[in-house]
Amino acid sequence: MRRMTTALIAGATVATLAQPAAANSDVAAALAAGVVGAAIGASLADHPHHTHRHDAHFSPAPGIECYDYQRACYHADGGFANNWTWRVYDR
Amino acid sequence: MIEAPAPHRAATACLAAALALALAAPPAAAQSQRLAAAWEALISEEEPDIAPAEIAKLNTIAYHAAVARLCEGFDLDVEKIAAASNEAVAAAVAGLEGEALLARHADVLISLGATHGLFLAEGSLHPEAFCAAAAETRDDPEFADLWR
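Here the protein sequences line up with chains A and U, keeping their order.
Quick note on the working numbering: the first sequence kicks off at 1 and runs consecutively.
Quick note on the working numbering: the second sequence kicks off at 1001 and runs consecutively.
Be aware that one or more of the hints could be misleading.
[Said to hold, decoys possible] Output of the computed footprint for chain A on chain U, the stretches with three or more beta carbons under 8 Å from beta carbons of chain A:
#1 1050-1059
#2 1128-1139
[What the hints assert, rightly or not] Calculated Cβ distances over 10 Å to all of chain U for the following chain A residues:
#3 62
#4 78
#5 79
#6 82
#7 89
[To be verified] Okay, the calculated beta carbon distance ranges per label pair:
#8 U:1049 with A:59: 24 to 34 Å
#9 A:63 with U:1125: 28 to 38 Å
#10 A:61 with U:1075: 24 to 34 Å
For the record, the hints were derived by calculation from the structure and aren't laboratory data.
It should be emphasised that the depicted structure is a prediction, and the values quoted were computed from it without experimental measurement.
Even glycine gets a Cβ: it sits at the ideal position worked out from N, Cα and C.
Could you put the whole structure together from the sequences, leaning on the hints where they help?
Right, here's the structure in full:
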């Protein structure tokens, strides 16, 4: 985790963090506004309102399934397929 | 103005949120590692306007970090993942300035942290298949991975 954090800090700093205090405030604002909180609430609510509306997927190759809303491909037997995610969404 | 938390506290909150989602949502199918309900809860209709390719890049970064945490023989290449992070964040905020730039920047980091958490959850639930898929990805000669 520390290695990832180092990398992310490097990336974020180089990209945009000219005003770190303001950026941190914005993280707090985003959290307060429910960007994450709404998802937590939805997940933990007793009355499920998940309808799996985004479960639509397609298969670019045998054994591979891709989910547009997630921009991610998985092996049909389950595992995330990063190489296919790149091929389908990022090449 | 809201009091600013330390960055690591925000990241910890994101990770906790993602793991809470994962624990609350069982796999959609018995043979699947994909935590469909958790992804659906995370990716709301109000998601920030990030280009599909940039979302895919964030998935790649978050996944590589999760694999490095869970699978033996996989270590992050810090220079590569830093460069990928720079590219993804810079692309996501391109053309923005001021408050809009800072808001998008925050959205991207939150999304990255939560995505990382969900990949950790998927890998923790099915470590053998998760790491086998990572090995297959690393062996793909067309794909430039971010591990050493």
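Item to complete: Please name the hints from earlier in the document that this structure breaks, with their numbers sorted from lowest to highest.
Response: 4, 5, 6, 7, 9
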